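Make a model of the complete structure from these sequences and hints.
Top to bottom, those sequences are chains E and F.
Numbered according to the UniProt record's numbering, the first sequence spans residues 1 to 348.
Numbered according to the UniProt record's numbering, the second sequence spans residues 1 to 348.
Hints in this document: simulated from the structure, not taken from any laboratory.
Accuracy of the hints is not assured; some may be wrong.
When chains are identical, the list treats them as one kind, so a pair holds in a single copy or across two.
Unchecked claim - Okay, derived cross-link-like pairs now, DSSO-like style, lysine-lysine, Cα gap no bigger than 27 Å in a straight line:
{"hint": "1", "residue 1": "Lys85", "residue 2": "Lys315"}
{"hint": "2", "residue 1": "Lys186", "residue 2": "Lys63"}
{"hint": "3", "residue 1": "Lys85", "residue 2": "Lys63"}
{"hint": "4", "residue 1": "Lys213", "residue 2": "Lys245"}
{"hint": "5", "residue 1": "Lys213", "residue 2": "Lys63"}
{"hint": "6", "residue 1": "Lys85", "residue 2": "Lys106"}
{"hint": "7", "residue 1": "Lys63", "residue 2": "Lys106"}
These numbers were taken from a predicted model, which means no experiment stands behind them.
2 protein chains.
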Amino acid sequence: MGGDHGASVVIPALAAVATRRPEIKFIIYGREDAVRPELAKFPALSGSSEFVHCEVAVQMDDKPSQALRHGRGTSSMWNAIEAVKNGQADACISAGNTGALMAMAKFCLRTMASVDRPAIAAIWPNLRSESVVLDVGATIGGDAQQLVDFAILGTGMARALFGIERPSVGLLNVGVEEVKGQEEVKEAGRMLREAELSSLDYRGFVEGDDIGKGTVDVVVTEGFAGNIALKTAEGTARQIAGYLKAAMGRTLMARIGYIFARGAFNQLREKMDVSRSNGGVFLGLNGIVVKSHGGADSAGFAAAVELGYDMVRNKLLDRVQADIDLFHARNRQGQTTQANVVKTDEEG
Amino acid sequence: MGGDHGASVVIPALAAVATRRPEIKFIIYGREDAVRPELAKFPALSGSSEFVHCEVAVQMDDKPSQALRHGRGTSSMWNAIEAVKNGQADACISAGNTGALMAMAKFCLRTMASVDRPAIAAIWPNLRSESVVLDVGATIGGDAQQLVDFAILGTGMARALFGIERPSVGLLNVGVEEVKGQEEVKEAGRMLREAELSSLDYRGFVEGDDIGKGTVDVVVTEGFAGNIALKTAEGTARQIAGYLKAAMGRTLMARIGYIFARGAFNQLREKMDVSRSNGGVFLGLNGIVVKSHGGADSAGFAAAVELGYDMVRNKLLDRVQADIDLFHARNRQGQTTQANVVKTDEEG
Chain E
1 MGGDHGASVV
11 IPALAAVATR
21 RPEIKFIIYG
31 REDAVRPELA
41 KFPALSGSSE
51 FVHCEVAVQM
61 DDKPSQALRH
71 GRGTSSMWNA
81 IEAVKNGQAD
91 ACISAGNTGA
101 LMAMAKFCLR
111 TMASVDRPAI
121 AAIWPNLRSE
131 SVVLDVGATI
141 GGDAQQLVDF
151 AILGTGMARA
161 LFGIERPSVG
171 LLNVGVEEVK
181 GQEEVKEAGR
191 MLREAELSSL
201 DYRGFVEGDD
211 IGKGTVDVVV
221 TEGFAGNIAL
231 KTAEGTARQI
241 AGYLKAAMGR
251 TLMARIGYIF
261 ARGAFNQLRE
271 KMDVSRSNGG
281 VFLGLNGIVV
291 KSHGGADSAG
301 FAAAVELGYD
311 MVRNKLLDRV
321 QADIDLFHAR
331 NRQGQTTQAN
341 VVKTDEEG
Chain F
1 MGGDHGASVV
11 IPALAAVATR
21 RPEIKFIIYG
31 REDAVRPELA
41 KFPALSGSSE
51 FVHCEVAVQM
61 DDKPSQALRH
71 GRGTSSMWNA
81 IEAVKNGQAD
91 ACISAGNTGA
101 LMAMAKFCLR
111 TMASVDRPAI
121 AAIWPNLRSE
131 SVVLDVGATI
141 GGDAQQLVDF
151 AILGTGMARA
161 LFGIERPSVG
171 LLNVGVEEVK
181 GQEEVKEAGR
191 MLREAELSSL
201 DYRGFVEGDD
211 IGKGTVDVVV
221 TEGFAGNIAL
231 KTAEGTARQI
241 AGYLKAAMGR
251 TLMARIGYIF
261 ARGAFNQLRE
271 KMDVSRSNGG
281 VFLGLNGIVV
291 KSHGGADSAG
301 FAAAVELGYD
311 MVRNKLLDRV
321 QADIDLFHAR
331 NRQGQTTQAN
341 VVKTDEEG
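And the structure:
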């Protein structure tokens, strides 16, 4: 029901995925009057899907608290998340209200053991290939331990999606002043360096322009700076697209050039289209929830569905949980050892 | 002496500015062996400039504390800043080490009365025209009062440079979660709304993609998020330039198209070139200091010089000081009134 286009985008997307991935089964939650007519256009989809009518649909401008109050138990969004909790579904995909989806997912699925706060991870195209950037807006601020958890969660996602055995990780920081960055970022860097995890290759601090370069596979930051970075990059891409369009229409020569190079421009447009590199992934919860861009077309929503599928297939949650357990166990051990040292010193 | 190219970029830039703006006089600080040969190539510049030999040059990789220790009193950077303090110069322009320049400028010029911390303001091209974005990396974090000071400082700069009598101002924030943004940002928003300053038109929160759109004339944020936004935008611009170059070489048709549209592409390249929209301006100090991009060419450095000139000509410092005094006076008055109310309540 969510996103700018609702069922008219979601159902054709599922039909497309169904032909590519016949092993996927869909449970579709929504209002009958909106979904049934769309489903009728894709009779082949009926074999691989089940439709569940839900009276309530969370609106795109509902506040998260409102959505929880009115939509808990009744809305299509809640029911889709609950299906993951109950084990009926392996992943929940929605193009709906991000804040409401996060609030419901946190409430219903809860965070993983020893993870305090969830993150939203974005797949960010770069000059090399793609990277995972998190958190892009689930939480504001975050202490060092949360940044380390984000690093482990993001690494698990990069491993599941890109097939890199030991993804490289950077902490987003600034490089202007001598005493660089926030205390939490420096402390998280120290923790990651000392942990020497076999599952991730910590590369130190990175700056904003390293995201587009693809310096590391996973870029870790708290949600305020991460959301601003993501939105700023989207804004810059649209701005340059605007410049390009204006430049190509300005002179006769440019217009002729454009006609010849139209194929190349279309490719470029796809590459720059933020709705295509689709899917914010909610990490740190006991279940996989993918948020598709609200303005995504069918191809974009299909990409979000396949993103969820890849993470399920690659057992993202199990591997991430194992890594987080390992880190926390070592850290406890480290603290115990340190405490012993202090004790010995005092005794001496 | 600073920047990637030193005197070989700075001196031709001054020569170019001198022909456009014969009313400007330059005092050039640097090492004789580096500057004299360049000066010899532009004999016309000798009439409008004075050269002062300085034994020490701050290196691009010096730490700010190092630069202060070894360069205070002796370096070309320090002497240029001190000329502003002594009234010999109206503005200092440098392409050198940003951290060192800020440390020396703070130490030598001090912050304006009732301004706690300086900011670096960037001129950011957008789809509408240009905006001022600050702080892009002078300080990490910042309380509500500092954000309000930045708003007033940025407004003064926008007025001086763009000639807008009452610039519009937005506070950079995120829009995903219900409880949006940091406490300081919300508090700063309340203060700006209640102040109802005649010098600025406060428009509320803006998001990262509003910078490229040009939603407001002045975008205010603390230095961590601001620096990440700036670097991310630079990275995205370079990334898209990379895509564009690849796309235009991929097929014969694209290559033919490129030949026709070459003029348009060159214009676009200029527009996307970060070294052209040049000049980080240090605001909040008792003097005008402009930091040119280290990688700037002569045209870029000349733009930074003219930026400094425009701010001097438009009496930036006087107007900004008047606005800040007005705000703080009102705020004190507000607090007094409130204190009286409380007192009356207690008496009642």
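Broken hints, by number: none
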